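Enquirer: Below, each chain spelled out in residue letters.
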Amino acid sequence: MLLRDVALVCLADGIVGVSFGAAAVAGGLPWWAPVALSLLVFAGGSQIAAVGVVLAGGSPWAAVAAGAVLNTRLLPYGFAVADVAGPADGTAPPRSAGGGAGRAFGTAAGRWLVRAIGTHLITDESVAFALRQDGQARRRAAFWTCGATLFAVWNVSVLVGVMLGSTVRDTNAFGLDATFPAVMLALALPTLTSRSARVSAGTGAVIAVALTPVLPAGLPLLAALAGLGTRWGGWRHLPWIAGRASRRPGDVERPARDAEAVASRSELPTGGGR
Amino acid sequence: MMPVTAIVALAALTYGLRLAGPLLRGRVTVPVAVERVFAEAATVLLISLAATSALTAGHGFAGWARPAGVAVGGLLAVRRAPFPVVVVAAAGVTALLRLGGIP
Chain A
0 MLLRDVALVC
10 LADGIVGVSF
20 GAAAVAGGLP
30 WWAPVALSLL
40 VFAGGSQIAA
50 VGVVLAGGSP
60 WAAVAAGAVL
70 NTRLLPYGFA
80 VADVAGPADG
90 TAPPRSAGGG
100 AGRAFGTAAG
110 RWLVRAIGTH
120 LITDESVAFA
130 LRQDGQARRR
140 AAFWTCGATL
150 FAVWNVSVLV
160 GVMLGSTVRD
170 TNAFGLDATF
180 PAVMLALALP
190 TLTSRSARVS
200 AGTGAVIAVA
210 LTPVLPAGLP
220 LLAALAGLGT
230 RWGGWRHLPW
240 IAGRASRRPG
250 DVERPARDAE
260 AVASRSELPT
270 GGGR
Chain B
0 MMPVTAIVAL
10 AALTYGLRLA
20 GPLLRGRVTV
30 PVAVERVFAE
40 AATVLLISLA
50 ATSALTAGHG
60 FAGWARPAGV
70 AVGGLLAVRR
80 APFPVVVVAA
90 AGVTALLRLG
100 GIP
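Those protein sequences? They're chains A and B, same order as listed.
Here the first sequence stands for residues 0 to 273, numbered as in numbering that gives the first Met the number 0.
Here the second sequence stands for residues 0 to 102, numbered as in numbering that gives the first Met the number 0.
Among the hints, a few may not be true.
As the list claims (entries may be wrong) - Here are some of the chain A residues that sit facing chain B, going by a computed Cβ distance under 10 Å:
| id | residue |
| --- | --- |
| 1 | ALA6 |
| 2 | LEU7 |
| 3 | TRP31 |
| 4 | GLN46 |
| 5 | LEU74 |
| 6 | ASP82 |
| 7 | LEU188 |
| 8 | THR190 |
| 9 | SER199 |
| 10 | ARG230 |
As the list claims (entries may be wrong) - The following label-pair restraints were derived from C-beta to C-beta distances:
| id | chain 1 | residue 1 | chain 2 | residue 2 | range |
| --- | --- | --- | --- | --- | --- |
| 11 | A | ARG168 | B | ARG24 | 44 to 52 Å |
| 12 | B | GLY25 | A | PRO215 | 18 to 26 Å |
| 13 | B | ALA32 | A | ALA6 | 37 to 45 Å |
| 14 | B | GLY25 | A | THR166 | 50 to 58 Å |
| 15 | B | LEU98 | A | ALA108 | 55 to 63 Å |
| 16 | A | THR166 | B | LEU23 | 45 to 53 Å |
Hint data in this document are derived by calculation from the structure and do not stem from the laboratory.
If you're wondering where the values come from, they're calculated on a predicted model, not measured in any experiment.
For each residue, glycine too, the CB sits at the ideal point set by N, CA and C.
My request is simple: use the sequences and hints to build the entire structure.
Expert: Put into structure tokens, the structure is as follows:
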């Protein structure tokens, strides 16, 4: 069940990876740029956003800023999967497979290495799969299975895309330029759950499109963040007016929901045993 | 152009965001309000980038084929279509329109 779901997600991300690699090279980037991004950043949305900014003529630093802001969601994810993304605790009794990744290295350096690798594998998908499981051993197995498989599939598919993109002459004829905005739309739509988010995003989009003809590329996107200002038009959205809800154990659900919202769009409607 | 330093900078920032949770767990919690603002900032960026990259090329209009393909992809995403379908449909519609002479 887990393996089938992971395979479906990998298939979906593989197709995105191929289109990312092909479109980046077709847009004029050297082959190693999308490859290095995929290996070192390993976060599809931010890679696509950063390359999108650069291909539109924006400065590389605007691209870095856009990519980094998109990746801020990894911060709560890190807290959510901290117990399974690192080495298994020595005190925990040895349990099912998957924990093996953590137990194989007993030394301090080994534990540090497992932590370093596990940290890199924190993605929407691996977090969503981990948090859907009950029990630490199963969560650990799901996290490592999904994270490691996805890392391999993502990087291979980007490489395939790079090769396709450099052999096909007129990639625009295949509509590859439509894949970046479509991917970003598909990533963002599940997060438009609140009225506040819809108003902010709509305002930001109008600002960005309106300023594109007049500002240097990259700046309209940063100006779009002004759309966040609409949050403070509605007083009830202010947490300290709505009642300062302290963080309770139940709030751990939030990153789970967010990750699930982002990851679920990559699953077939019939898939997912939740 | 995307210099190596920019790629390394984005990689380092991303790794830092991933590492903060495992390092600080049990000592610090992200205030819910801050988490919400960041989540919404990401949504604003994604939607704005989708809009500008669908509608514009350089400082001008991108032509009708690309936004039409993206719109079909977005519609499919709203209908909860799987990700590969969204991507292939967006590219396919754009390619077909261009084949029909729409830029």
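Enquirer: Run every hint past the structure and note whether it holds.
Expert: Taking the hints in turn, this is what the structure says about them:
Annotation: ALA6/A was flagged as interfacial toward chain B, and the flag is violated, the nearest CB pair being 13 Å apart, outside 10 Å. Interface restraint check for LEU7/A: the shortest CB-CB distance to chain B comes to about 8 Å, inside 10 Å, so the restraint holds. A least Cβ separation of about 9 Å between TRP31/A and chain B falls short of the 10 Å threshold, and the interface hint therefore holds. Look at GLN46/A: its Cβ gets to within about 8 Å of chain B, closer than 10 Å, so that hint holds up.
Of the supplied interface hints, the one on LEU74/A holds, with its beta-carbon coming within about 5 Å of a beta-carbon of chain B, less than 10 Å. Hint on ASP82/A holds. Least Cβ distance to chain B is approximately 8 Å, under the 10 Å limit. Look at LEU188/A: its Cβ gets to within about 5 Å of chain B, closer than 10 Å, so that hint holds up. With its C-beta approaching chain B no nearer than about 5 Å, THR190/A sits inside the 10 Å limit, and its interface hint holds.
At a threshold of 10 Å, the smallest CB-CB gap from SER199/A to chain B is about 5 Å, leaving the interface hint in force. Because the closest C-beta pair between ARG230/A and chain B is about 7 Å apart, less than 10 Å, the hint holds. Our hint of 44 to 52 Å for ARG168/A and ARG24/B holds, since their Cβ atoms are close to 51 Å apart. A hinted range of 18 to 26 Å is violated for the C-beta pair GLY25/B and PRO215/A, which are about 45 Å apart.
The hinted range of 37 to 45 Å is satisfied by ALA32/B and ALA6/A, whose Cβ atoms lie roughly 38 Å apart. Under the hint 50 to 58 Å, the C-beta atoms of GLY25/B and THR166/A, about 51 Å apart, fit the expected range. Distance hint for LEU98/B and ALA108/A: a CB-CB separation of about 57 Å, consistent with the stated range 55 to 63 Å. Between THR166/A and LEU23/B, the C-beta spacing of about 46 Å keeps the proposed range 45 to 53 Å intact.
Violated hints for the displayed structure, listed by number in ascending order: 1 and 12.
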